[in-house]
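So the sequence lines, in the order shown, correspond to chains Z and F. Numbering of the first sequence is given in the numbering used here, commencing with residue 1 and proceeding in unit increments. Numbering of the second sequence is given in the numbering used here, commencing with residue 295 and proceeding in unit increments.
A portion of the hints provided could be inaccurate.
With beta-carbon atoms standing in for the labels, derived distance ranges [unchecked claim]:
1. Z:157 / F:390: 29 to 39 Å
2. F:564 / Z:226: 23 to 33 Å
3. F:388 / Z:119: 33 to 43 Å
4. Z:108 / F:330: 56 to 66 Å
These aren't lab readings, by the way, just hints derived from the structure by calculation. The beta-carbon is built from N, C-alpha and C at its ideal position, and this holds for glycine as well.
Each chain, written out:
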Amino acid sequence: MSPTGRPEGELDPKRFSADGSPVSAGPAAAAPADDALLVARGIAKRFGGVQALADVGFSIRRGEIYGLIGPNGAGKTTLFNVLTGIYAPDGGTFTFDGHALAGQKPNEVAARGIARTFQNIRLFGNLSALENVMIGRHVRTRAGVFGAMLRDARTRREEAAIEKRAFELLEYVGVAKRANDLAKHLPYGDQRRLEIARALATDPKLLALDEPAAGMNATETASLERLLESIRHDGTTILLIEHDMKLVMSVCDRVLVLDYGKRIAEGTAAEVQKDPQVIAAYLGGDVTLNLKGA
Amino acid sequence: MRALFDTRGKPALVWAGVAVVGLALLVLPFALAGVGTAWVRITNLAILFVFLALGLNIVVGFAGLLDLGYIAFYAVGAYVYALLASPHFGIHLPFWVILPIGAAVACLFGVLLGAPTLKLRGDYLAIVTLGFGEIIRIFMNNLSQPVNITNGPQGITLIDPLRIGEVSFRTTDTLFGLAFTGPIKYYYFLLAVLLVVIVVNLRLQDSRIGRAWEAIREDEIAARAMGINTRNMKLLAFAMGASFGGIAGGMFSAMQGFISPESFILLESIMVLAMVVLGGMGNIWGVIVGALLLSFAPEILRYTVEPAQKALFGRMLVEPEVIRMLLFGFALVLMMLFRPAGLLPSATRKRELETGREGRRR
Numbered sequence: 001m002s003p004t005g006r007p008e009g010e011l012d013p014k015r016f017s018a019d020g021s022p023v024s025a026g027p028a029a030a031a032p033a034d035d036a037l038l039v040a041r042g043i044a045k046r047f048g049g050v051q052a053l054a055d056v057g058f059s060i061r062r063g064e065i066y067g068l069i070g071p072n073g074a075g076k077t078t079l080f081n082v083l084t085g086i087y088a089p090d091g092g093t094f095t096f097d098g099h100a101l102a103g104q105k106p107n108e109v110a111a112r113g114i115a116r117t118f119q120n121i122r123l124f125g126n127l128s129a130l131e132n133v134m135i136g137r138h139v140r141t142r143a144g145v146f147g148a149m150l151r152d153a154r155t156r157r158e159e160a161a162i163e164k165r166a167f168e169l170l171e172y173v174g175v176a177k178r179a180n181d182l183a184k185h186l187p188y189g190d191q192r193r194l195e196i197a198r199a200l201a202t203d204p205k206l207l208a209l210d211e212p213a214a215g216m217n218a219t220e221t222a223s224l225e226r227l228l229e230s231i232r233h234d235g236t237t238i239l240l241i242e243h244d245m246k247l248v249m250s251v252c253d254r255v256l257v258l259d260y261g262k263r264i265a266e267g268t269a270a271e272v273q274k275d276p277q278v279i280a281a282y283l284g285g286d287v288t289l290n291l292k293g294a
Numbered sequence: 295m296r297a298l299f300d301t302r303g304k305p306a307l308v309w310a311g312v313a314v315v316g317l318a319l320l321v322l323p324f325a326l327a328g329v330g331t332a333w334v335r336i337t338n339l340a341i342l343f344v345f346l347a348l349g350l351n352i353v354v355g356f357a358g359l360l361d362l363g364y365i366a367f368y369a370v371g372a373y374v375y376a377l378l379a380s381p382h383f384g385i386h387l388p389f390w391v392i393l394p395i396g397a398a399v400a401c402l403f404g405v406l407l408g409a410p411t412l413k414l415r416g417d418y419l420a421i422v423t424l425g426f427g428e429i430i431r432i433f434m435n436n437l438s439q440p441v442n443i444t445n446g447p448q449g450i451t452l453i454d455p456l457r458i459g460e461v462s463f464r465t466t467d468t469l470f471g472l473a474f475t476g477p478i479k480y481y482y483f484l485l486a487v488l489l490v491v492i493v494v495n496l497r498l499q500d501s502r503i504g505r506a507w508e509a510i511r512e513d514e515i516a517a518r519a520m521g522i523n524t525r526n527m528k529l530l531a532f533a534m535g536a537s538f539g540g541i542a543g544g545m546f547s548a549m550q551g552f553i554s555p556e557s558f559i560l561l562e563s564i565m566v567l568a569m570v571v572l573g574g575m576g577n578i579w580g581v582i583v584g585a586l587l588l589s590f591a592p593e594i595l596r597y598t599v600e601p602a603q604k605a606l607f608g609r610m611l612v613e614p615e616v617i618r619m620l621l622f623g624f625a626l627v628l629m630m631l632f633r634p635a636g637l638l639p640s641a642t643r644k645r646e647l648e649t650g651r652e653g654r655r656r
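Just chain F, same shape as in the assembly (with noise of 0.2 Å):
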């Protein structure tokens, strides 16, 4: 953590500043549950969110490697949880076996993606990488005969929640005095996995093999010559990215109980890389910033557009859908005009340009 949060002064305002919004989390979802517990689920559909933007920034942001079928990864790993963890095969096995395979499962898609794409760069390898996206979705919605696997377009139904120990993550539990319902669950459970999942993000950017990604992005003809293997750096990163992806798909399955392959389109692949390319692209915080902004515009706008419309003009005039995509698209644009790079773009460089940071100073 010490990397993450810059000590150096004041390390006691630090660490206070850490104690505020680390309190603030813990009370967040029952002020959330007091204005209603969807807020709690959009909350942890947005955590969702962090995980598969994180995930496809090693790819994009760290290694360069633009990716349009990321959300493949999303729906390997869902679907990996849902048939070892349903009525459907008649498999119930706990999360903590699921969630491992279903991230080496994205693993293995992941390498499967990056092995026919290593000499494809830019365009062509967005278009291949698209082309996988629906690939998969596509068998998900035609594996259903002559085997049933994935149940077609149906989708699979009453997919077993998260439980540790006797504690369902599907009944609510009252312990001092507190409720805490499912969505509170998952959202503790959900916080918990993000942290785990922001310092092995920022250690890996700031190691070896993170520095080696980056070389591939900036130069990989000079990459190569100075010894990094690209061929396996690259495959890493698709592994590592896919992983990501399916571990946030497995918990998606659990926390849904329900997934179809409509929830896995390119919409979905395009939403994901805007969240990357808005926060800022090889910056992590710029990242989780991103994710969380397109993550709660739109259920925001759902609940102002309407009653502000009616207050207006009486009776309401354009969907909230319509103004939501009408102010995503506006808001790219500005973005490409004013800040380029993303809201908080990777040039932490500059920060450590002007203090330099600990142990890269002598």
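Excised from the complex, chain Z in its bound form (with noise of 0.2 Å):
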């Protein structure tokens, strides 16, 4: 499929090969192109006279955790919110799961099967969290007004359903005892874990994390690197935001490293610490870089 409304020239096709593994990427990173969940090709946005993303291309397999890097401001929550729906691009494509995904609107993205979190928590403060994540259910769900005014048997089985559906969420990433405390008043890690929990709730085939260890501490930096295993475990893709290069290098199976907008490196952990162009975007000049002590 060729993108719509760009100059087929501006592609460069060594960057995009089937499986969206870049030429400074080994060997390793290659894989069958029919194994990719989500394929984006020469995703561009532009904020006034800032080109906050200029064609960037990549493709995420079925069942990796998909690492996206890079320093502040290189575009990374920008992508985020192209992919999600919020912004528009202005060029380029998504292909998820077999479908055309640009233009489409968040809660249609989210019935696709993208669920995400947010780098600043949007929980809704002022509902309990098993509300919160009930209500990650809705777009699952089918009950209407008549439904909801009638209580008839068929709403009552639904209810039931998201209610057990939500409490077994809660109990997966681990705050199930603080099911009915308002969401606000949950403690910070708790927070996070509890956007996951919604954000699962809605069935994600690719679960899209916005930096989900900021803030906190190494003991919940290693519990919420369990959880994510274990959802990568149970069948769902990943993509992860994240400046803790521990956690990436440990958890992530490629990482794509973005700067200033632009793709400038993809590959395994190893690989992309390796390559001068991200330490250089990094540290700004053409020094080693060890990131697995970071």
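Mind assembling these two chains? They're in different frames, but the hints should get you there.
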């Protein structure tokens, strides 16, 4: 599929091989193309004079944890917002699970199977933790106004199922004991986990997490890592923006590096941290970097 | 009704309480009629305001959309009833046909107001809805030319009362030795409808739809990211709220027998909003309390201020109306200082938090 509204010439075919692996990536990153859950091509987004994203392409395979890193202002969150329909891209296409995605509204994207969390937690603060997750079930349930008013057998069954699933998800992420507390009264780490539970409630195929470890201490990050591993193990693909390099390097199968809205590298964690462009982006010079210890 | 009264622990006690309240409500009109039939009418109007406040609560309390023109839907319902059951057009349909039509037309107007204001929030939405309310009132005032639809400022008179079978709600019937006057009949009818409206509201709040509204109120972007179609849900809130207003308007028409645009001024919208805010936005019981308080307070003042002044000073120094606005303003200031979330704030969550609601626990 050719990206609409952009001259073909602007796409560098070398950078968009079938599996999305870049020139700098080694053979380890190669995989069959039909394995891709999300394929992005030539994504561009401009805010006034600022080119927030320019010609960004990548592909995420089913069942992997895909990292998205880059210095502050690199365009990571913008890419998230474009992907989830909060911003309309100025160019490029997303193909998710065989369907074109670009230009869809956030609720349609969620219905398609992409759920997200937010960098600055956006829970429904005055609702209980359980209700937050129950709202996540909205998109997978059907009861309408008349069902609500008549409260017929079907609606009651659905309602019970929503509640059951919501509670299971709270247990899954480990905040079940705070189920009836208002979301805003939860400790910070639990709010992060609750946001993940709420996103999981939409039965996503792809879970997009925007800095889930931000502000967490080492213990909390370690338990978040276990949570991410088990989510992946249970069959949900994860797209992860994160500044905690230790977490990224240990949990991500592959990593995409953005800088100034451009893709500068992609590959396994080990490959990316040896990439001179990445090192330059992070440290602004020609130095060696040991990200393992970060 | 199970969700209505928490029967956990002592069901017998709760049901006894329900029985006592029910009995009191059944006997109430006769007690009021003893004081004066006017009080039965006042009570009926208070119940209508409870309807309005509950309808507005869906829009303002649940979905968080500030609507300052809510009375327009009341007006639409009232005019639909008046036009379809009066000599004005010579149409006399029965109420059970008109009330749903009134609700549907009001619902349509709700969507008409909702559609262009979808992207507005807070102050901006308030201004647009305020304008909408005025537009409706001005239309009612001027739609007497070139074709006389609303009869302009003169309003519509001789509107049919409710009629169930042979029983007209205008005449007095005697049953079991009790005189059922018109207002008393309306009282029972309104009470029955009120019960339905309360149950519908409680169920809506505690449903998939109600949660979606709450999500929009809390954080619209997060709500969308969770797959909630915020456009449809907001329109639905406007439509539902407007329908309640339309039904209340229809009953107002039937009860009064006369309507004119003067009954649907901005101040009425503000009063309904004040009822919602005073009682506690989003809490159905709070809203009911707020509506009853603000409906009865002026009437009580009317009957107490004058005699009190006569007794104290020998003559009347300040009009009851002036005192009413003074006290109203004072009460609102006190409310904002001491109970900004309303008399019965929507923190019913507190109860949930301490005890856990049945089914919400495992």
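Tell me the numbers of any earlier hints that the structure contravenes, in ascending order. Of the numbered hints given earlier, those the structure breaks are 2 and 3, listed in rising order.
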